[in-house]
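J.: Read off the chains here:
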Amino acid sequence: MSEDEQGGLVSGAPTVAERLALAQRAGGVLGSLLTAAVAFFVGGLVVLASGANPLSTYRAIFDGSGLNWLFPWVTGDDRSFAAANLQQTLLLTTSLLLCGLAVAFAFRSGLFNIGGQGQYLVGSIIALWVGASFETMDGPLHIVLAIAAAALAGALYAGVAGLLKATVGAHEVITTIMLNWVAVWVGSWLFGHGGALQSHANGGSIPVSDPVSPHAHLPVFWGSPVLQGLDVGLFVALAGLLVYAVVLNRTTLGFEVRAVGFNPEAARYAGMSVARTYVITMAIAGTFAGLAGAVDVLGWEFQIGVNDVQTSQIGFIAIAVAVLGRNRALGVLASALLFGALLTGTSTRNLDPTVFRADLAANLTLIIQGLVVLFVGADVLVLWLWNRRRRLRAAVT
Amino acid sequence: MNVSARAVASGGIGLGALAFWVALPPVESSAAVWPALAGGLAVACGVWAARRGERRPAWGAIAAGVLGASLGLLATHAARGNLSAAVVWSALLAAMLVNATPLTYAALGGLYSERSGVVNIGLEGMMLTGAFFGIWGADVTGSWELGLLIAVATGGLLALGYAFFAIHLRTDQIISGTAVNFLALGITGYLFVDVYGTNGTPSLRASQRIPDVTISTSSNFFAQAFGQLNLLVWLSVAILALTYVVVFRTPLGLRIRAVGEHPSAADAVGISVVKTRYAAVTLSGMLAAVGGAYLSIGFVHSFNENMTEGRGFIALAALIFGKWRPAGAFGAALLFGFSSALAQRLGTIPHWSSYAVLFQTLPYVLTLVAVAGVIGRSIPPAAAGRPYAKQ
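Heads up: the sequence lines are chains A and B, in that order.
Numbering follows the working numbering, with no gaps: position 155 of the first sequence is 155.
Numbering follows the working numbering, with no gaps: position 273 of the second sequence is 273.
There could be a bad hint or two in this list.
Coverage of chain B stretches by chain A, computed from C-beta distances (three or more under 8 Å per stretch; other residues unrestricted) [stated by the list, open to error]: (1) 47-56; (2) 171-177; (3) 270-282; (4) 316-329; (5) 359-369.
For lysine to any residue, the following SDA-like pairs were computed, each having C-alpha atoms within a straight-line distance of at most 20 Å [claimed, not checked]: (6) B:K323 x B:A382; (7) B:K390 x A:V168; (8) B:K323 x A:V168.
By construction, these hints were calculated from the structure, which means they are not laboratory data.
Each residue gets a CB set at the ideal place from its N, CA and C atoms; glycine is no exception.
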C-alpha cells in the first residue's frame, strides 16, 4: 500500500491500482463485484474442464434458484415452479443473512467469529426444545418464547468466546472453532439414539427430534405451508439487518465496536473498555446466529436429526457472505441472496440434470465460495501485480 | 524442594491413571473402593504439590485423579460381562494409535507453520487433499508409494498457494486459511464425483495399500497392542522425533522459531523471513497430506466426500493443547485418539452407547480449558498470524 502511494506521488497521475483502492474505500462494491466475477469465471472454467457448457450451466442454476420469477415473460407452469424455487432461495437467504450478520458484526470490532455454525446450532436446538415442549401454550407467545430463548442461547454461547478473549486473551478463532464442534457433538448426542431430545415415536428407532408443535410454526406468507413456502422469518432477518445498521452507525455502542475494530489500543486510550466491547460484540453476534437457528427450525425444518446437525454448513457459508458483503448491511444482504440462490440452484431438486449433475454442482458451489473468500483480497492481488509490472518496467528501462 | 513437589504431582497423575486402570481388564476390580482410593490419593498429591508452587503438574494430578476415579467408578458399576468384551486394553491402545496418527501428522505440520509465524487454519483442507490425491494416485499408478508421493505433492502445492496469499499478499491468514478449507472440500468433492461417480473409489489391491508392519502376532498384551500397526503409525513417531531435533536442536529450527517470534530481529541478522515461512508452510501442507493419505490408503482404504470430518481442527487443537511443542502435540494427539477409541468402544455397550458420542467433545473442551489457562496457559508464537512487511 505505502509503496504504491509513494509511486503515485512521484508519477502524478493516479494509477489504475490507486483508483481501485479509492473505489475500495468508497464502499468496496467494485472489489466485491470483481471478486464474485473472478470466482464465477474460475468456476466456469471448472465446469468447462469437466465437459459441460458453463453458460448453460449457470443459466440452469439461475433458473433452479427461481430468480427467473422476476422476469415477467416467465408464465404458466414455469412461473409457479419459479415461485416455489424462489421461496426456497429466500428461505436460505434468511438464515444466511442472519448468520452473515453474526460474522460481520464481530468483524467490525476486529473479531473473527468462525463460530456462527455453533451458535446457529445452539439456537436451533433451543428453539426446537421450546417449540416441541409447552404443548398448551398460546401460539404467538410460544413463538416469541422459542425465538427469544434461541437468541439468548446463541448470545451466551458466543459470549463464552467473547469472555475468554476479554479476560484471558484467548484467540476467538480457536475458541469459536472448538465451540462449533462441541455444539455438533452435543447436538448429535441430544438427537441420537438414547439422547435427551430424541423422539420416542417409532419406538425411538430414528435419530431425530420430536416435531415442533404446529401452533409454534411461523406463518407462511408466500406459497404453500405444507410445501415449505416462505415464512415470516424473512422479516425477522430483515429486521435484524436494520438493527445491525442502526446499532453500528447510529449508537455509542456501534461507535465503540468500530473504534475497537480500527485500533483497540487507541480505543483504550480514548477511555473505552475494550474487554467489555469484545464480550458485548460476541453476544450480539451470537444473538443473530441464534435467531437464524430459531427461524429455520420454526419456519420450515420443524424437526432436527443427527444428520442435520452434522451436515449443516450455514454458519460456514455465512463467512463467505460476510466477507463478500464487506461487513456492510446492504452488502451482506446482497451476498446472502447470491449464496442462497447458488445453494438452491445447485441442489439436486432444482438443477436440471440434463445440463449439469447436481452432485457436481454442489461442489462447484463450495469452490466458488472458497474462491470468493480467497479473492476477497483481490484488490491486494491487483495491487501486487501492478507493483510487479512497474518494477519490471523500471528494471528494463 | 520444587523437584520433589513436581515428582509428587507426577505420581498423582499416575495414580489418577491407576484409578481407572484397576477397574478394567485384566485387573477388573469390582469393588468401588480401589478407584476411589487411587483417585483420592491423586487429588491429595495434587493439592500437596499445588501448595508448594508446582501449579501446572498439580492441576494435572487433580484432574487425572477426578477423571480416573469417576471413570473407574463408572466402570465398576457397569455390567462386568459387557465391559470386558468392549474394553480390551490392547485393542484400545491400538485404536488409540490408529486414531492419533493422522492427528499427529497434521499437528506436526501445523507446528512448523505456526512456529514460523503463519497460522494454518487450512490443515483440514490440506489433509483432505492428501486423502483424495493419495487414493487417486494409488489407483492410477497402482502403487501406494506413488500415491503417497502424489498426496504429499498436492498437499504441498495447496500449502504453497496458501503461503503465497498469506506471505506475499499479506492477506488475513485466518480468512485465507478458511478459504483453503472451502476450496479443498469443493475440489476434492468435485473430482471425487467426476472421477469415481456414484460407485465410489474402487477397492484397493494390496500393492495400493500402505502396508502394516507385523512385529508379532502372538496373543500377549503387547503383541496385541503394537504387533500389527500400519507403517505410517511408526513413521509418525519417527517424524515426531525428527521434528523435535530439527526445531529445537538445529540452526534451521532456530531460524524457524526466530521468524515466528520476532521476524524483524531475524531479518536484521540476515534470515530471510519470507523464504523460511514459505518453506515451513509448504512442509506443513505436506505433513498434513500424509495424515490424510494415511486415512484413505492406510486405514479406511476408500475415500468419501469430507472424509477428514474435522480431524484437521482436532490436530489444530492438539497443537494448541500441546503448547506448540512436538511432544506436547503428540501427547495431545494420543489423548484425543484415545478419547475417540474409547467412544467407539463404548458405543458398542447398550447403556453407554448414547453417551459415547459425548466423548467426541473431549478434544474441544480440553482445548478450551487449555486456552482459558486453567491448566497452564497456552501461548502461541509471538508473531503467529501477523504478516511480515520488510522495513
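J.: Output the numbers, in ascending order, of every earlier hint that fails for this structure.
T.: Hints 1, 3 and 7 are the ones this structure does not satisfy, whereas the remaining hints hold.
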